[in-house]
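Respectively, the protein sequence lines represent chains A and B.
Going by our numbering, the residue at position 164 of the first sequence is 164; the numbering climbs one at a time, nothing skipped.
Going by our numbering, the residue at position 359 of the second sequence is 1359; the numbering climbs one at a time, nothing skipped.
Source of the hints: derived by calculation from the structure; they are not laboratory data.
What you are looking at is a predicted structure, and each value in this text was computed from that prediction instead of being measured.
There could be a bad hint or two in this list.
What the hints assert, rightly or not - Facing chain A, from chain B, some residues (calculated, C-beta under 7 angstroms):
id, residue
1, LEU1064
2, HIS1182
3, ARG1185
4, ALA1186
5, GLY1227
6, GLY1231
7, PRO1235
8, SER1275
9, ARG1276
10, SER1372
11, VAL1454
Here a beta-carbon is modelled for each residue, glycine too, at the ideal position from N, C-alpha and C.
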Amino acid sequence: MFSGFSLFPTQASTLAPEVDNLYLGIVAITAFFAVVVVIFVVYFAIKYRDDTGEKVGAPITGSMPLELGWSLIPFFISIGIFVWASVVFFHIVRAPDQTLDIYSTGKRWMWRFQHIDGQREINELHVPVGRPVRVVFTSEDVLHDLFIPAFRVKADAVPGRYSAIWFEPTQVGQYHIFCAEYCGTRHSGMIGTVYVMEQADYQAWLSGGGGLTGGTMLQQGEALFTQLACVTCHLPDGTGRGPSLVGVFGSTVTLDNGSTVTADESYLRESILTSQAKTVKGFEHIMPTFQGLINEDGVAALIEYIKSMQAGGNRVASAQ
Amino acid sequence: METTVVESPVNYINHKHTVASWLLTYDHKRIGILYLIVVSTAFFLGGIFAALIRLELTTPAGDLLSADVYNRMFTMHGVTMVFFVLVPAVPAVLGNFAMPLMIGAKDVAFPKLNLMSWYIFTIGFLFTVTSMILGGVDTGWTFYTPYSSQGSESNVLITGIGVFITGFSSILTGLNFMVTIHRMRAPGMTWFRLPLFIWALYATSLVMVLGTPVIAITLLMLVFERGLHLGIFDPRLGGDPVLFQHLFWFYSHPAVYIMILPPMGVISEVIACFSRKNVFGYSFVAFSSLAIAVFGFLVWAHHLFVAGISPYSALIFSFLSFAVAIPSAVKTFNWTATLYKGAIWWKTPMMFVFGFLGLFLIGGLTGLFLASLGLDIHLTDTYFVVAHFHYIMVGGAIMGYFAGLHFWWPKMTGRMYNDTMGKMAALLIFVGFNLTFGPQFILGYLGMPRRYHVYPPEFQVLNVLSSAGASILAVGYVLPLFYFLYSLKFGEKAGANPWKATGLEWTTQSPPLAENFPATPIVTEGAYAYSKREMKVA
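Let's have the full structure, built from the sequences with the hints guiding it.
In C-alpha cells:
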C-alpha cells in the first residue's frame, strides 16, 4: 500500500519546476490568509464567549477603511497571482520553434502514437530527454484528455480538431499518461507510460523498427497525396485548380471572405476533412470533403507531407 | 420586539391533519416542509452513492463495483446532490419556510405557483429516480457531449428530461421570491432593514430566473441530439462538442452561486444572532451577494481552459474568476469582524457557522489555484478539483444549510433538539469532512484524475484516508436525523424565541400560526438591533 507513496509529484520536464513554484507560491499566500482568518475566528470565539445568551455585543456596524482594505489588498494580490500564472500558462501553451512532432489519436480506451519516422505505439510513448517534444492529437470518438502529471501538461482531445501539448523532458524515466476527461466504461484504463530515454537510446529505439510499418509518415503522406488525387489540383507552381501547397504550412492564408488564418495543423486538418469550411481567396470551392475516406493516421501523414513541401524542398519546424 | 407572544394552541402544523391538507396546501411553511422531505430523501440517496464510491476507492483495483456500475454511481451521486439537494436545499426548504416570516408577510406572492413548483420539482426527481431504477446514467453529472449524445448506452434521455423538468421549479421559485421580496414586505421593512438572508435569496432568485432557462435549453438540445441526431454537437455533421460545455457552464457556474449564496445568507443570520450584534458592514455583505450574482455569469469558461479555447479568452476568464473571488473574501472578513466584541453564544447553529467558516475558507482559497491559468492546466480534471468543489458545496453550502436547519428548527417544529448532540454532529462533520477531502488536494496535485474506477497503487494511502474520513462524515450526517426526529415528540418546547434573536420570524409563536402573524407587524428598526434591545431591557 505504501509502495511509491509520495506527497509531491516527480518533476520531469522544464515546465514542471515553473508550475511547482507557482503552486508553492499560491500555497504560501493562501495559507497566510487562511491562518490569519482562523486565528481571528478562534480568538474571538473564545475571548467573547458568553453562554448565558443574555448579553449583547458591542454596537459596531462597520468600518469603511477596513472594507476598502480587505477588498483592495486581496484584489491587488489576486492581480499579482493572475499575472504570474498567465506567464506560466503561455509557456505551457506556446511550443518553442524546433520541436520533435508526434501525432496521437485517442479512442475508447487507448492512446495511439505515431512518430514521423513511421513507428506506431499504443499506450506507450518513447521520447528523448532534453529535447522539446510536441504531441498533436485528436480523438476518434468522444472527448479524451492527454495528461502527463510528471510534465504538468494536459489538453483535451476533441473529435474534429487538433489539440497539442509540448514538453521538454529533463529526467530519464517512466511516467504516467492518463486520460483525464471522462470517456465511459474503461476511462480509468485509458492510461499509458511515457519512456523518457537518453538521446542515444532513443535513436536505437527508433532504428529498432518496433512497430514500423509502411515507411515514414512522409512516405505515407506522399503516397496518399497521389492516391487521393490531391496532386492533380494542388500543383506546386500554383497553376492548378487548388492553391499550391508549397510553403503553405506556417504561412498566413487569405480566405475568400477577406479574413486570414494561420495554416497550422488544425487548419490543414479542417481543409482536408471539411473543405467547405474555408476557401482560399481566388479559388473556387470545388474540393470534395475527405471525411470518411481517410483515417486519422492518414490525415496526420498528409499533414506531415504538406509540411515538407517548402520552396527548395527543405523542411522546417519538425525537421529531424 | 420583547413583548410576550400570546401562544395559540392552533398552528400551521395542527390546524389541519389530512394528507390532502399537506399535498394541496398553499402555505409556504408547509411547502417548505414538503421540500424538506424530498430534499432529505435525495440527500440520503446521494449519500449512499457517495459511500459506495469511497468504498470502491479503498483499493486500487476495481474489486467492489464493475466499471460501469462505478461510473453510474458517481454520475447519480452528482446529479442527485447538485440538482435535488444543493440547488433547492436552502432556497426551497429554508427560504420557503422563513422568508415570508422574515419580511412580515402572510405568504409568498403566488402561493399556488409555489405549490406547483414543488410538484414540478418532485416529478423531476421521480423521473430521475426512475432512470436510476432502469439502470442509471453514466455520463457524469456534466453530461458532456459527444459521450452523452452518442457514446453512452445508459438512460441519458430520462435523466435529462428529469433535470429539465426540475429546472422549471427553480425558475418559478426564483420568480415567486423576487415578487414576494418586492411587493410583500411589512410596513417599515425597507430594503436596508431586510435581513441579509433575504438579500442573498434575492440575488439567488436573479440567477435562477436568468440562468436556469439556459440549462433547460441545453438539455433539450442534448435530448434532440441524442434522440434525433441533429448534429449540434457532432463534428461530423458540422457541430461542435465544446459548444455544449459553453452552454452547460453558462448555467452551471452561476448555479454554484445558487448553491452557495443562500447558505451565505444563513451564515449572516446565525452569526448575528449568536454574536448578539449586527453584521459588520451590512451593506457590503448585501451588495457582495449581488456582485457575486452578476459576475458569476461572466466566468463560465474557466471550466474550459484545457478544452481548446483561445488562450486570450482564457486570460479574460481567468481574470474575472479572480475578480469574483473578492466579494466572497469580503463576506468572510465581515463575518469574522462581526465576532469582534460580540457576546458569542456557543449553540449548535453557531458551531455549524464555525465549521462553515473553516471549510469555506479552504474551498474559496483553493479556487484561486484553479483560476490561475498556469496551474489549472495541471490541476483541472484531477482530485484537486473534486476536493475544491466539495469544500465549497458541502463544506460551504451544506454546512450553511445545517446551520440554518438547526437555527430555524425550533420555529418550524416548536421543539428544541438536543444541543450536545447537535454540537457533536457539527464536530464529526467538520473532522470527517477535512479527513475525506483534505487528502484529495494532495492526490490531485500528484495527478490522480477524477472519475477513475481503478488507479495506480501509489495513490492508495491517501484514498484510504479519504474513505476513513467519509465514514466519520456519514455518522455526522446521520446523527441529526435521529435527534431531529426525537425532538418532534420528546423535545423541549421551544417558545417563540429560544435564541432571543431579532427578526420578525421570532416575534410570532413556534410553530407559527397558519397566517404567520396575528396582525401585520410594523418594522421600526434594522435587522440586527441587538444593541438597541439591550438599552430597552436595561
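These are the hints, each one checked on the structure:
1. Given the 7 angstroms rule on beta carbons, the hint for LEU1064(B) is violated: about 14 angstroms separates it from the nearest Cβ of chain A.
2. The beta carbon of HIS1182(B) is not positioned within 7 angstroms of any beta carbon in chain A (closest approach about 26 angstroms), and the interface hint is therefore violated.
3. Contact between ARG1185(B) and chain A, as hinted, is not supported at the beta carbon level, the nearest pair being about 22 angstroms apart and thus beyond 7 angstroms.
4. Because the beta carbon of ALA1186(B) sits about 23 angstroms from the nearest beta carbon in chain A, more than 7 angstroms, this interface hint is broken.
5. Proximity of GLY1227(B) to chain A is violated relative to the hint, the smallest CB-CB distance being about 18 angstroms (cut-off 7 angstroms).
6. For GLY1231(B), the shortest C-beta to C-beta distance to chain A is roughly 12 angstroms, which exceeds 7 angstroms, and the interface hint is violated.
7. Taking 7 angstroms as the C-beta cut-off, the interface hint given for PRO1235(B) holds, the closest approach to chain A being about 3 angstroms.
8. The interface hint given for SER1275(B) is met, as the beta carbon of that residue sits about 5 angstroms from the closest beta carbon of chain A, less than 7 angstroms.
9. Here the hint on ARG1276(B) is kept, as its CB sits about 4 angstroms from the closest CB of chain A, short of 7 angstroms.
10. Proximity of SER1372(B) to chain A holds as hinted, the smallest CB-CB distance being about 3 angstroms (cut-off 7 angstroms).
11. Because the beta carbon of VAL1454(B) sits about 5 angstroms from the nearest beta carbon in chain A, less than 7 angstroms, this interface hint is met.
When the structure is compared with the earlier hints, violations turn up for hints 1, 2, 3, 4, 5, 6 and for no others.
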